[in-house]
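Engineer: If you read the protein sequences in the order shown, they are chains A, B and C. Everything in the first sequence is counted per this note's numbering, starting at 1464 for the first residue and increasing by one. Everything in the second sequence is counted per this note's numbering, starting at 232 for the first residue and increasing by one. Everything in the third sequence is counted per this note's numbering, starting at 9 for the first residue and increasing by one.
Derived from the structure by calculation, the hints contain no laboratory data. Since this is a predicted model, take the numbers as computed values, not measurements. There's no promise every hint is true.
The list that follows gives simulated cross-link-like pairs (lysine-lysine, DSSO-like), each with its CA atoms no further than 30 angstroms apart [what the hints assert, rightly or not]:
1. B/516 to A/1819
2. B/300 to C/70
3. B/294 to C/70
4. B/499 to A/1819
5. C/154 to A/1954
6. A/1819 to A/1566
7. B/524 to A/1819
8. B/499 to C/70
9. B/477 to A/1819
10. A/1819 to B/471
11. B/516 to C/158
12. B/471 to B/370
13. B/370 to B/481
14. C/154 to B/370
15. C/70 to B/266
16. C/154 to B/294
17. C/70 to B/347
18. B/554 to B/477
19. B/477 to B/294
20. B/300 to C/154
21. B/523 to C/158
22. B/296 to B/559
23. B/423 to C/154
24. C/70 to B/296
25. C/70 to B/516
26. B/390 to B/266
27. B/300 to B/411
28. B/553 to B/471
29. B/411 to B/516
30. B/347 to B/499
31. B/511 to C/154
32. B/294 to B/347
33. B/385 to B/511
34. B/481 to A/1819
Here are some chain A residues pointing at chain C (derived, C-beta under 8 angstroms) [said to hold, decoys possible]:
35. 1479
36. 1687
37. 1820
38. 1849
39. 1853
40. 1856
No residue lacks a Cβ here, since even glycine has one placed at the ideal position from N, Cα and C.
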Amino acid sequence: MEILSLLLDGFAVAFEPLNLALIVFGCAVGLFIGAMPGLGSVNGVAILLPMTFLVPPTGAIIFLAAIYYGAMYGGAISSIMLGIPGASTAVATTFDGRPMAMKGDADKALIAAATASFVGGTISVILFTTIAPPLADVALTFGAPEIFALMLMAFATFVGLGGDDIPKTLFSIFIGLVFGAVGLDIVSGEPRLIIGGIPGFFHGINFLVLAIGIYGIAEMLWTIEVSKGDVMISQASVSVKRTLATMKELVGTWKTMVMGSVLGYFVGILPAAGATPGALMAYGIAKTGAKDPSSYGKGNINGVVAPESANNAASTGSMLPMLTLGIPGSPTTAILLGGMVIWGLEPGPMLFIEHKEFVWGLIASLYAANLFALVINIAFIPAFIWVLKLPFTILAPVIFILCVVGGFVPTMDMHDVWLMLVFGVVGYLMRKLDYPMAPAVLAIVLGPLAEPALRQSLLISSGSFSIFFTRPFASAIIVTAIILILLPVLKIIYEKIKKPAAA
Amino acid sequence: MRNFGTKILSLSVALGLGLGFAAAPVDSAQAWEPKKPVEFVVMAGKGGGADKAVRFIQSIIAKNKMSSKPFSPVNKPGGSGAEALIHVKNASDPDHTLMFTLNSFYTTPLRQPSLKVNIETFTPVGRMAEDTFLLWVNKDSGIKNVDQFVKAAKAAGNKWIMAGTGKNSEDNILTDFLNKAYGLNMKYVPYKGGGRVAKELAGNNANSTVNNPSEQLGFYQAGKTVPLAAFTPTRLPLFKDAPTFKEIGKDFVYFMQRTVVGAPGMSKGAAAYYQGLFKKVFNSKEWQGYMKKKSLQGEFLTGDALMKYWLVQREVQRGMLKKMGAIK
Amino acid sequence: MRMAELVMGLVMGVFSLYLMWKSAELPIGWIAGEGPGGGAWPFWLAAGMLVCCIAIVVRWAKRITPESRSEEVYMDKRTMRMFLLNAGSLAVMIGLFHIVGAYGAIPLFLIFYLRFMGGHSWRLTGTFAVLTPIVTFMFFEIALQKTLPKGFTEPLFLPIFDMIY
């Protein structure tokens, strides 16, 4: 096996003292950045990119990859502890991670997230090593119709996500999609929906602004109301005994982990898809396939395991098109790509031939980064638990400040901070009336991917929808999506038929 | 990572000093230098050609310690650069605000007069390069020259897909030129960013593109795509086999500028500082190597010569947009 | 609660109409041979929002949803006070970012929140008010080289920049 020996050489590169130190440091920094609401792996990698010129290129990229992984773990921490997804990739982790923390099982959720991430990373590195080159060619043939089909599938897996009130759930999806359309219409090149003519809307509504507004500010206002301003967020404890018990429980989730990892990896490979849809789809499938779907969203450990294994697997997956084709599968890999160019490592089909030791060194470091992120993460859990035990009147202002600064930094625009406040206040008022908020946040992420793909497809086909059914990949995915949409509906009908019979 | 401990120490000292001497007048006889991190606005999104160039320049400046303060890139891709233009036009501190521009520096103010942006008010700092364009097809198509391309595209009519970077963008201008010059009816499909466009061609989801060399280089070297002809005055050294359009009888030359622009109202001292700095960057071996590898063209231009170049280019763009019907 | 449900439905309905009107600046119909126009996606989705709002109001009139039957007050006095204090102080802090900058606004916000809302000791309040901006500065401006707004306090930072870079 030539690839295996290459991978071993890669480990030799990764375990050089300097590179190893960079991996450990990168993981720690990434963990910290990812744990801050508003700052995700994209921000971490982008912001620290210029600081890497002090080390040799391989070390620099390894450092950035370590930050990437650390931040992916870190995103889960803020999802679980604060209920605010640190990055879009961790949105699905809040669904069950947050309820677990509220029940006092924060340590369990954190360990589950870290372990699932580790498994996801491991499986994806194995997949990467064995089937990288042929897959790169398949990924290349994915055009606009396939991407749209994929987005439809991502939505389909989320049919059952909202609350009981159907008009309010639909409203939430629609408003998210409309907000996602603000800014520029790529196809006609015209500015669109510049609300009130304010120039800040030219860059569109950043996902983070809505997410921090809703999951940060609105959530805090809600918590303050419910707790009357003087209760701790949740009780949590951590001990070796509990950790071991959690580990035992996690063994029972191996099916979910494997499903999440494999799915995440393949979704991650597809250009323009990446870790966010991967994590969402894994959550949706885990829920649909579960024996007890109603326990999801209330603190089911599988609901943490599925998205976390998927998003880590997807981050490895998204490295594949970047390294082999020079196409980033996610915003973070787009920045890594920029970093490689700066260092004279031109990504693309030639990279595997010209810079073998770099490619496999990077892959081996990804694996090492995974291991260290797991260790560092578990070591820090007591610290995160301690943070939870602070009085709420200390935690609240600090979180508010984190939200404001985190909302400002990605675009360096105060407009986004004000917008975030508006989303926070309106989101709080709507939440009081039982409008579900998660669908809006998902829609604002997926909408800007789905719409251009739909319109590009229709442009290519001169306006005929047949394009989605005549291409093998697109039609297979679309059919799957339709089945996924119909499945919960059929389930309901089936249960309705069954009930009277039983009674 | 410099020594963090020293930094913390110096910071606490500085805090004390800063509070004490904040009002101390600056020695005006000294040459101007930035007093705080310089905001380096990019008119395009993260990961694109312009963004990569900016981050490369940032690293050249930092690596060679050319500036005492860091340059911090800020992406403002909104509204085809409209957001960046407005931001820089209204910069609160013009001495510390720079912008890295593309051709949208000309076309966006022309297409959106409501922005009230006049590029003559901006401060010319330095033209770092001009990027070139070529006509590309997928190798599987078997097309080897422009004649075969024209024949195939004619036969396909509007089923021939030309992928590009956005309506009325540089790629669209070139597509319109090809359609007119050869009597074709190619369909223009816009995608987000040149990298994505290059990938659509390599994956056979488009029939042809007019990518920059840097965008197609990887696929070209892997033998997936072929350049047919260049929109340049002379053949490009990297693609010797591709003739220029001039050679094959259609005189059409088109460049993408990569220019550093200062905010309107920048002081003379600051302008002189940045002009000198970017000249140094341009002449650095890193930048020269980058230009060669990316097949970038053009000499360093600055000051009045650069302003003159802008005004000429703006008229060229105005003419093209008028022909396309994008403006009146 | 009942009143709030109606008002929210109506306000969001009006907002949907605004978004529809704004989307209609670009073509919202089907362009032959091209597919939907540039405004179609947001226009029809905003129309979907409007339909949802109408459904919400109809369900309100029929008293189907729990909120439309609830006679509870939407916000009692205490809740209102907490909401105004929190959202208000947050808005004031963001506003102060423009004037005194991040490093002036953050300590002021902390002093207000910790001391006057939380009733913590001056010692704890002081520690947070001093440490938070310093940590923020070191993390963002030194480690990440991201400049936060400084308002009129900017000249105070110039000598610090000279020291650290």
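Engineer: If any of the earlier hints don't hold here, list their numbers in rising order.
Structural biologist: 2, 3, 4, 5, 6, 8, 9, 11, 14, 15, 17, 19, 21, 22, 24, 25, 26, 27, 28, 29, 32, 33, 34, 35, 37, 38, 39
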